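Visitor: One letter stands for each residue in the lines below.
Number of protein chains: 2
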Amino acid sequence: MVGIGPGDYREMTVRAVDALNACDVIVGYHVYVDLVKEHFPDKEFHTTPMRREVDRCKLALELAREGRDVAMICSGDAGIYGMAGLIYELLGDEGDIEVEVVGGLTAACSGAARLGAPLTHDFAVISLSDLLTPWETIERRLECAAMGDFAVALYNPSSVKRRDYLQRACDILLRHAKPETVCGAVRNIGREGEAVEVMPLAELRDYEADMFTTVFVGNSHTRVIDGHMVTPRGYRDV
Amino acid sequence: MVGIGPGDYREMTVRAVDALNACDVIVGYHVYVDLVKEHFPDKEFHTTPMRREVDRCKLALELAREGRDVAMICSGDAGIYGMAGLIYELLGDEGDIEVEVVGGLTAACSGAARLGAPLTHDFAVISLSDLLTPWETIERRLECAAMGDFAVALYNPSSVKRRDYLQRACDILLRHAKPETVCGAVRNIGREGEAVEVMPLAELRDYEADMFTTVFVGNSHTRVIDGHMVTPRGYRDV
Chain A
1 MVGIGPGDYR
11 EMTVRAVDAL
21 NACDVIVGYH
31 VYVDLVKEHF
41 PDKEFHTTPM
51 RREVDRCKLA
61 LELAREGRDV
71 AMICSGDAGI
81 YGMAGLIYEL
91 LGDEGDIEVE
101 VVGGLTAACS
111 GAARLGAPLT
121 HDFAVISLSD
131 LLTPWETIER
141 RLECAAMGDF
151 AVALYNPSSV
161 KRRDYLQRAC
171 DILLRHAKPE
181 TVCGAVRNIG
191 REGEAVEVMP
201 LAELRDYEAD
211 MFTTVFVGNS
221 HTRVIDGHMV
231 TPRGYRDV
Chain B
1001 MVGIGPGDYR
1011 EMTVRAVDAL
1021 NACDVIVGYH
1031 VYVDLVKEHF
1041 PDKEFHTTPM
1051 RREVDRCKLA
1061 LELAREGRDV
1071 AMICSGDAGI
1081 YGMAGLIYEL
1091 LGDEGDIEVE
1101 VVGGLTAACS
1111 GAARLGAPLT
1121 HDFAVISLSD
1131 LLTPWETIER
1141 RLECAAMGDF
1151 AVALYNPSSV
1161 KRRDYLQRAC
1171 DILLRHAKPE
1181 TVCGAVRNIG
1191 REGEAVEVMP
1201 LAELRDYEAD
1211 MFTTVFVGNS
1221 HTRVIDGHMV
1231 TPRGYRDV
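Protein chains in written order, with the working numbering: chain A, 1 to 238; chain B, 1001 to 1238.
In case anyone wonders, no lab produced these hints; they're calculated from the structure. Just so we're clear, the structure is a prediction, and the values are computed from it rather than from any experiment. Warning: the hint list may mix true and false statements.
To be verified - A short, non-exhaustive set of chain A residues, derived as facing chain B with CB atoms under 10 angstroms: (1) ALA78; (2) VAL99; (3) SER110.
Positions of the beta carbon are idealized from the N, C-alpha and C atoms, including for glycine.
Extracted from the complex, chain A is given alone in its bound form:
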């Protein structure tokens, strides 16, 4: 299970590169396969479409049971909203396949690096996708994150079918956070068309995110310094 990071080959770990070089076959969602293909031209690739995660994992396990050394790639980190958990669930207690999880840069980390340092203190990571999670659970987590004054990274802030989700999320956060709370958005991290924006929470409410955007909400101490979004590590003056 190999996390390939945000997309740029250079943001893969050395261990991930080694794993892809060493394996027999690479399985993944076609968008991620396209991102790595040119760097591993001699490999056998298998792709499945979006939302066919279970099929993709079953395919990887099938190939492994045939004795192949399979690298299943995920964007970001294979364990953060990735397929690592699903592979363990599908394997159950049979344990006939040896699984190794190779970590990667999740969007919270790679996106934060583009904005400055928004996650230098305690933070929460929340996905706004309600495909596999009841919206009430997401709402509750947003509310608790705001009550705890966590900095927050929001994954999957929007899609064609969920246009107003980011707005709904901001409205929940605004119950506890000030409208001027420093926020940021990073689009296409490590890919063509990378774009970064810093704005107050009141403005984030009307921001048009897409499915390649990661959104950051600061805590009550987050500041804008020379255009960067910065959450101080502590409350001691420097």
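Since the structure of chain A is already known, use the hints to place chain B on it.
Guide: Below, chain B without anything else, positioned relative to chain A:
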């Protein structure tokens, strides 16, 4: 600002390796400098002791102002409890030094990969160190994380002066989470003596963590599968 990941050279990103190869001088806490030194033997290294973070950043800025290309290394990710925020704070709006943050594998990601997939769903990252944060703030965040049924990664769970902090944290989590909540601890991630343990929250309360341990607390759906700590990505049956 270069995150070097958990410690093993192979878990650095290609971009971090490139940055350390390209720079003139490497600045860091001596433990982290010792971890990378052998791979970059021709570099000039500067170290400062623990807790001298402000001095370390000032030294890096001083060297940069002399025209040197400085890589400041942090363990994990430079932006997660790392020095990236402090560098921006010290620079202020002067902006006379160009800063680039190179992300790295933070312990939440590298530790999770060792345990299985404990962070596949929404999670919170909380440091138990009260050196720079009032304990009341930490308590409040623990309580909110538990109320939101977040999986949690706990950084700095213990030290010589804070022996009972993990116990105090568990007691707060236990106000909302069940004693059988699946938890895990990873010691010396990516370094000599790496060790992994999975246990219920009631047992974590009496676990002896040290300052090189990262602790993971599952959400209400986290399970043990074949010895691994796994948080399902969604609530749909597979």
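Visitor: Taking the hints in turn, state whether each one holds.
Guide: For each hint, the structure was consulted:
| no. | hint | result |
| --- | --- | --- |
| 1 | ALA78 | 8 angstroms, holds |
| 2 | VAL99 | 8 angstroms, holds |
| 3 | SER110 | 5 angstroms, holds |
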